[in-house]
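Number of protein chains: 2
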Amino acid sequence: MDAPRSEKKLLRVLAGTREDPPPVWLMRQAGRYLPEYRALRERAPNFLDFCFTPHLAAEATLQPIRRFRFDAAILFSDILVVPAALGQPVTFEAGEGPRLDANALAQLRDDLDHGRLAPVYETIGLVKQALAPEVALLGFCGAPWTVATYMVAGRGTPDQAPARKLAYEDPKTFEQLIDRLVEASVGYLVRQLQAGVDAVQIFDTWAGTLPPAQFQRWCVDPVARVVKGVRAAIPDAPIIGFPRGAGTLLPAYVAQTGVTAVSLDWMIDPAFACAQVPARMALQGNLDPLVLRAGGRALDAATDGVVAAFADRPFIFNLGHGILPDTPVANVERMLGRIRTG
Amino acid sequence: MDAPRSEKKLLRVLAGTREDPPPVWLMRQAGRYLPEYRALRERAPNFLDFCFTPHLAAEATLQPIRRFRFDAAILFSDILVVPAALGQPVTFEAGEGPRLDANALAQLRDDLDHGRLAPVYETIGLVKQALAPEVALLGFCGAPWTVATYMVAGRGTPDQAPARKLAYEDPKTFEQLIDRLVEASVGYLVRQLQAGVDAVQIFDTWAGTLPPAQFQRWCVDPVARVVKGVRAAIPDAPIIGFPRGAGTLLPAYVAQTGVTAVSLDWMIDPAFACAQVPARMALQGNLDPLVLRAGGRALDAATDGVVAAFADRPFIFNLGHGILPDTPVANVERMLGRIRTG
Chain A
1 MDAPRSEKKL LRVLAGTRED PPPVWLMRQA GRYLPEYRAL RERAPNFLDF
51 CFTPHLAAEA TLQPIRRFRF DAAILFSDIL VVPAALGQPV TFEAGEGPRL
101 DANALAQLRD DLDHGRLAPV YETIGLVKQA LAPEVALLGF CGAPWTVATY
151 MVAGRGTPDQ APARKLAYED PKTFEQLIDR LVEASVGYLV RQLQAGVDAV
201 QIFDTWAGTL PPAQFQRWCV DPVARVVKGV RAAIPDAPII GFPRGAGTLL
251 PAYVAQTGVT AVSLDWMIDP AFACAQVPAR MALQGNLDPL VLRAGGRALD
301 AATDGVVAAF ADRPFIFNLG HGILPDTPVA NVERMLGRIR TG
Chain L
1 MDAPRSEKKL LRVLAGTRED PPPVWLMRQA GRYLPEYRAL RERAPNFLDF
51 CFTPHLAAEA TLQPIRRFRF DAAILFSDIL VVPAALGQPV TFEAGEGPRL
101 DANALAQLRD DLDHGRLAPV YETIGLVKQA LAPEVALLGF CGAPWTVATY
151 MVAGRGTPDQ APARKLAYED PKTFEQLIDR LVEASVGYLV RQLQAGVDAV
201 QIFDTWAGTL PPAQFQRWCV DPVARVVKGV RAAIPDAPII GFPRGAGTLL
251 PAYVAQTGVT AVSLDWMIDP AFACAQVPAR MALQGNLDPL VLRAGGRALD
301 AATDGVVAAF ADRPFIFNLG HGILPDTPVA NVERMLGRIR TG
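Residue numbers (my numbering), protein chains in the order written: chain A, 1 to 342; chain L, 1 to 342.
Honestly, the hints are just simulated from the structure, not real lab data.
Note that beta-carbon positions come from the ideal geometry of N, C-alpha and C, so glycine has one too.
It is possible that some hints are incorrect.
Said to hold, decoys possible - Computed footprint of chain A on chain L; a stretch qualifies when at least three of its residues, placed anywhere within it, have a C-beta under 8 Å from a C-beta of chain A:
#1 115 to 127
#2 164 to 173
#3 198 to 210
#4 242 to 251
#5 259 to 269
What the hints assert, rightly or not - Sample of chain A residues with no beta-carbon within 10 Å of chain L, all distances over it, derived:
#6 Pro-89
#7 Arg-99
#8 Asp-101
#9 Glu-134
#10 Val-190
#11 Ala-237
#12 Asp-269
#13 Asp-288
#14 Ala-294
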């Protein structure tokens with residue numbers, strides 16, 4: 001390799017190197033399945049307050065690294081801080097998920113309020129000081145489409161029907177919202193990178209409910225613009241895309257967005273992904289979060305299956321979506337033992 | 001063609017012929033979006049009673065044919081009549097969906113109670129008498145996996161976690177349930193065909209939540225056994241498979257199940273399906289139900305897109321899932337005009 005070799009295994013893989021055993025981290029690794037997180041969380045019952053309190057968010061980010069020695073820490077935050085920083089009121093009801101004021105869509109700010117997001121950038125600084133040099137720090141944002149689904153519906157929905165309906169019935173209005181989110185996402189990711197994250201992930205959790213033409217317009221094109229915008233400021237920024245549920249549309253996403261690597265959900269066929277994604281591009285994923293919760297022999301078999309499926313290419317072990325809150329910690333240990341001893 | 005040419009356009013397409021304009025029917029075409037259905041439904045408020053009352057179920061089956069001249073009628077019924085006929089108590093709460101007694105799983109009957117299902121077979125006879133000779137009649141059942149998700153959870157779930165968890169934690173118990181459903185599905189479909197349906201569709205609504213190895217074991221293998229069992233009794237039975245959400249796993253489903261044709265959801269890339277499915281095998285689908293609800297220019301563009309995507313092969317126009325209850329009837333007429341005038 002010509003590029004300087006990073007101390008961080010995860011960054012070496014993102015640069016195109018195969019590492020054995022593969023680096024590993026888990027989506028939502030800082031979260032409710034950890035007793036130390038649940039104890040910490042009691043110190044700021046309001047979820048957004050917790051995200052915006054640097055010493056608490058930094059501690060939540062670091063907890064799973066101490067316990068499991070993951071190869072990457074991911075900033076503890078939420079994709080809905082972006083709508084909040086665009087002026088849309090956001091709250092989190094315990095056990096109910098997010099609530100956004102959909103009536104505020106017509107009065108959004110033009111620019112992201114970086115003052116509101118300053119605690120996030122401060123959190124990044126605190127985590128950087130505490131992390132061992134071999135552990136990468138990841139920042140993130142939601143993809144414009146996924147963030148828009150919450151902004152339009154005012155909450156999480158099983159089928160993203162409110163945003164999908166608006167996009168069909170009034171594509172101009174919807175496009176204006178997407179445009180604003182593209183610009184906001186670029187600004188937010190650039191500031192995270194400037195504050196010290198090593199790489200970023202763009203979460204398109206609800207990409208999988210769109211038919212091909214809509215997937216192109218509302219997922220692929222906006223993410224491509226976010227990637228281009230970030231790279232205009234920071235040319236070598238490693239960017240992981242996560243188009244959850246992309247399925248047969250993955251090749252278009254990979255070819256057109258310009259992401260450095262792709263994170264795969266648990267439904268996709270690894271053989272399809274390996275064949276369709278260039279051999280030097282890192283893949284990340286894709287254990288079923290439910291088998292991690294189930295544990296036992298099923299977990300062993302599924303873990304081995306994921307490791308084997310991506311054995312011949314740059315690969316980051318992860319889940320196909322976030323870890324489930326009722327996952328036993330012992331199951332995470334069992335999985336890690338299996339990955340790390342090969 | 002060597003086979004006798006059917007009067008029914010839909011059967012000609014299932015036999016491998018291209019027809020222009022393509023035949024069309026809609027999943028859930030008999031249902032709540034029709035005012036005449038809502039009026040009929042009031043005559044038997046209990047949903048299962050309605051399904052099991054032949055003159056009412058036959059009338060519901062025929063209503064959309066009279067109004068829209070679809071190329072196929074589909075038996076008005078529900079996939080959960082099978083658990084009911086296996087002895088599991090099933091009820092439908094208004095606005096809440098189905099409720100099944102999950103505690104009854106250990107006391108299921110060995111064989112399907114065809115006496116309980118006799119009204120279904122009687123409904124088929126009534127519909128056959130009333131249908132014009134060019135209209136096909138479709139029977140159906142749920143695929144073993146999809147029916148099992150309701151039987152295990154006791155209700156519909158967003159992620160099918162209860163059945164997926166049981167399948168991971170106790171695969172032997174889950175396999176016994178699947179085996180019973182394979183046998184029941186064979187018996188049920190054979191009786192429908194003997195009663196007079198021209199073809200059957202196997203609905204695997206929740207196929208899309210399984211990772212590849214589980215998809216193979218709980219979707220592909222059981223459906224292959226159902227197809228084999230039906231064909232042992234009725235060798236030329238046309239069978240449409242609907243593995244909703246199969247995505248990149250569609251080729252395995254097509255190659256291994258033995259279905260006559262495949263119905264596609266709206267998320268799959270038509271170019272992928274056309275390339276992966278043998279050229280003489282009919283495809284069915286795959287308009288986004290939400291764009292039919294939205295209407296207008298978006299509906300025109302999406303309808304044209306589906307027609308164009310499958311222009312070169314045997315094709316049945318349909319939705320990618322059931323029609324939404326709040327879909328305006330005028331939108332269905334608009335879509336049909338567009339398909340039928342080319």
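Verification of the supplied hints:
Residues of the segment 115 to 127 of chain L lying with their CB closer than 8 Å to a CB of chain A number 0, which falls below the three-residue condition for coverage. Figure legend: the segment 164 to 173 of chain L, annotated as covered by chain A; annotation consistent (5 residues with Cβ-Cβ distances under 8 Å, at least 3 required). Counting residues of the segment 198 to 210 of chain L whose beta-carbon sits less than 8 Å from any beta-carbon of chain A gives 3, enough to reach three: the coverage restraint holds. Counting residues of the segment 242 to 251 of chain L whose beta carbon lies closer than 8 Å to any beta carbon of chain A gives 5, which reaches the threshold of three, so the coverage claim holds.
Residue count for the segment 259 to 269 of chain L with a Cβ under 8 Å from a Cβ of chain A: 4. That meets the three needed, and the coverage hint holds. Here A:Pro-89 stays apart from chain L, with its beta-carbon at least about 26 Å from theirs, past the 10 Å limit. The claim that A:Arg-99 is not at the interface with chain L holds, since no C-beta of that chain comes within 10 Å of its own (minimum 19 Å). For A:Asp-101, the requirement that its beta carbon stay farther than 10 Å from each beta carbon of chain L is met, with the minimum near 24 Å.
At roughly 31 Å from the closest C-beta of chain L, the C-beta of A:Glu-134 stays outside 10 Å, upholding its exclusion from the interface. Look at A:Val-190: its CB is around 32 Å from the nearest CB on chain L, clear of 10 Å, so calling it non-interface holds up. Against the 10 Å criterion, A:Ala-237 stays outside the reach of chain L, whose nearest CB is about 29 Å from its own CB. Not every Cβ of chain L is farther than 10 Å from the Cβ of A:Asp-269; the closest lies at roughly 4 Å, contradicting the non-interface assignment.
With a cut of 10 Å on Cβ distances, A:Asp-288 falls inside the contact zone with chain L, its closest approach being about 5 Å. In this structure A:Ala-294 is not separated from chain L by more than 10 Å, as the shortest Cβ-Cβ distance comes to only about 4 Å.
Going down the numbered hints, you'll see the structure goes against 1, 12, 13, 14, while the others check out.
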